[in-house]
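Protein sequence lines, in the order shown, are assigned to chains E and Y. The C-terminal residue of the first sequence carries number 317 in our numbering, and the numbering is unbroken. The C-terminal residue of the second sequence carries number 317 in our numbering, and the numbering is unbroken.
Where hints are given, some of them may not hold.
Since the list can't tell identical chains apart, any single copy or any two copies may satisfy a pair.
Cross-link-like lysine-lysine pairs, in silico, DSSO-like; alpha carbons within 27 Å at most [to be verified]:
#, residue 1, residue 2
1, K257, K281
2, K263, K315
3, K281, K36
4, K257, K36
5, K257, K289
6, K214, K245
7, K7, K308
8, K74, K7
9, K74, K36
10, K214, K200
Think of the hints as simulated: they come from the structure by calculation, not from any bench. The structure displayed is predicted, hence computed values, not measured ones.
Protein chains: 2
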Amino acid sequence: MTIAKRILDGDIRAASRLMRDIDDRIPSAMDSLKELYPKTGRAYIIGITGPPGSGKSTIVDKMVDIFRQEGKSVGIVAVDPTSPFSGGAILGDRVRMQRHATDEGVFIRSLATRGCLGGLTRSTQDIVNVMDAMGKDIILVETVGVGQDEVDIVHTAYTSIVILVPGLGDDIQAIKAGIIEIGDLFVINKCDRDGADKVERDLRGALEMGRKREDGWEPPIFKTEAISGKGIFELVYGILRHKQAMEHDSVLERKRNERAKATFLEVLESEVMAHFIEKIEKEGSWKGMINDLMNRRTDPYSLAEKIIAEELKNH
Amino acid sequence: MTIAKRILDGDIRAASRLMRDIDDRIPSAMDSLKELYPKTGRAYIIGITGPPGSGKSTIVDKMVDIFRQEGKSVGIVAVDPTSPFSGGAILGDRVRMQRHATDEGVFIRSLATRGCLGGLTRSTQDIVNVMDAMGKDIILVETVGVGQDEVDIVHTAYTSIVILVPGLGDDIQAIKAGIIEIGDLFVINKCDRDGADKVERDLRGALEMGRKREDGWEPPIFKTEAISGKGIFELVYGILRHKQAMEHDSVLERKRNERAKATFLEVLESEVMAHFIEKIEKEGSWKGMINDLMNRRTDPYSLAEKIIAEELKNH
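Sequences and hints are given; from them, build the entire structure.
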């Protein structure tokens, strides 16, 4: 029986194994992903981003409690940019694993990039597809920070949640960092802290100043204290409202299209680059190329054009 | 006279124009970049990353003051992930522009991605190369957040500075986010605030727990109050020490090699993808492809393989 079939039969260990293979870029993982794809498209994908220390994991945990009470199965992908030196593991994740370890309705996978080329986004898409095929009703994709990859990852979700927290210093700074316009819902967590009102005022100001959204949605702001659970139910209800608004306006269909396109482009990019790198390595030409670059005998632009001309048919 | 020649003659407006063209992916920018590349390789590239509100821009400003007093010319690339909706501009940058507007030795360029595919890293590399060719002695690349792209960008610098700040909440969280191992130097800014000692303790703990660096460098921690300038001179001196240690051990040469390779791969990736996207758009096949994906008649993996087989010669 193929791994994909075992996964569709509910074999959790087969799913974990495939996810590891995806991480390690084992070629056979592509075959499993192809086999699973027809079973995808059912899950509702929610993206959550917030700076380190904003209580993101706690919010996710409490949301999962509510989803589980409603009988929904949940997949969590925790994306954490890792070090280029160690490819290290993620501490907080294991703690959480244990909390949900006895609940078969929750599947958690943490993701840390190893490679260089678009690894994070591609792997995230692949893993979301596996969880989708596994039949998870809801998939939560959690990212740290506000980097471009994180923005991309959250942007391919159907509902994007941005978490802010008082005490980050100059709030204008926090707000300028490109997060305002990716948020469908905003959360001010640790709202009992000093400065919560100011964060809210600044956020409202920024939302009002920003360009009106094409889809007409006005992002609500939720105030939470995740540790006590305060405000989480309202947040989950807010997700439902956003989903319904999008369904009503066919926005959700457009988002599903965009997601399929983004996945395709990610796969194309990583496969093409793998091909080029394999070629360069097989020919043993890295050293000479880098020497030529260092001595300024060539430049990266001409070198790229040369290889493209050599490799592409219709160029 | 070509734009590249005008830039080499010290024409600031030509440099700004080329950087705009790089942002907009105007094809002629490639020719200018090729022409400029032989003049690169002199600048010392410093990467600086820190969360929003950590006082990063102020630290950069004060560092620039010191470099200028030493008679060094400076280029600043401020990388800010921007919104996928607006492609917006950056406020804080204009304020800074004015402060240095009368100083010809300082050139500031802010960078915000527009596109989808590896835009940020590629553009940053290109702009650093332009500034290098312009003859800037020092190039400071400043990024927000700790996303994967930011890590990559900072990692291609010769000296990477990571800024922390008290009051970010759970400090373990801040420290796990992949930043420990990319920092050659650490800064705890706003060190007069409550919690600075705890941040320092946690950071020292994390550094001691972490894997020993291959290059043997032990990252120092600087405590600063950027607004008053406290600790900045020590930081600048720390950069010099790091540079000297790397020169001594040939690490700098290895880093220069890695940088050349990374630039080449970025260029290759964005040019190859531009080729594929152009092909798909010219053939008007997006709509059919997305339909097939949505109806699960195909999957992103098979689709990517099909196009690669069609387009690549030696596949």
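field: Intra/inter-copy verdict for K74 and K7 if alpha-carbon distance must be at most 27 Å
entry: within (22 Å within a copy, 63 Å between copies)
field: Homo-oligomer pair classification [K289, K257; C-alpha up to 27 Å]
entry: Close across copies (14 Å), not inside one copy (44 Å); limit 27 Å.
query: At most 27 Å between C-alpha atoms: does K257 with K281 qualify within a copy, between copies, both, or neither?
result: Result: close only across copies, 23 Å inter versus 36 Å intra.
field: Intra/inter-copy verdict for K263 and K315 if alpha-carbon distance must be at most 27 Å
entry: both (24 Å within a copy, 25 Å between copies)
query: How do K214 and K200 come out at 27 Å by Cα distance, when the copy is not named: within, between, both, or neither?
result: Within. Shortest intra-copy distance 23 Å satisfies the 27 Å Cα cut-off; inter-copy 42 Å does not.
message: If the cut is 27 Å between Cα atoms, do K7 and K308 qualify within a copy, between copies, both or neither?
response: between (43 Å within a copy, 24 Å between copies)
- prompt: Is it within, between, both or neither when you check K281 against K36 at 27 Å Cα-Cα?
  reply: both (25 Å within a copy, 24 Å between copies)
Copy assignment of K257 with K36, given that the CA separation must stay at most 27 Å: within (21 Å within a copy, 39 Å between copies)
- prompt: How would you classify K74 and K36 at a CA-CA limit of 27 Å: within, between, both, or neither?
  reply: within (26 Å within a copy, 56 Å between copies)
- prompt: Given identical chains, is K214 near K245, meaning Cα to Cα at most 27 Å, within a copy, between copies, both, or neither?
  reply: So K214 and K245 pass the 27 Å test inside one copy only (19 Å; across, 48 Å).
Against the hints set out earlier in the document, no violation occurs for any number.
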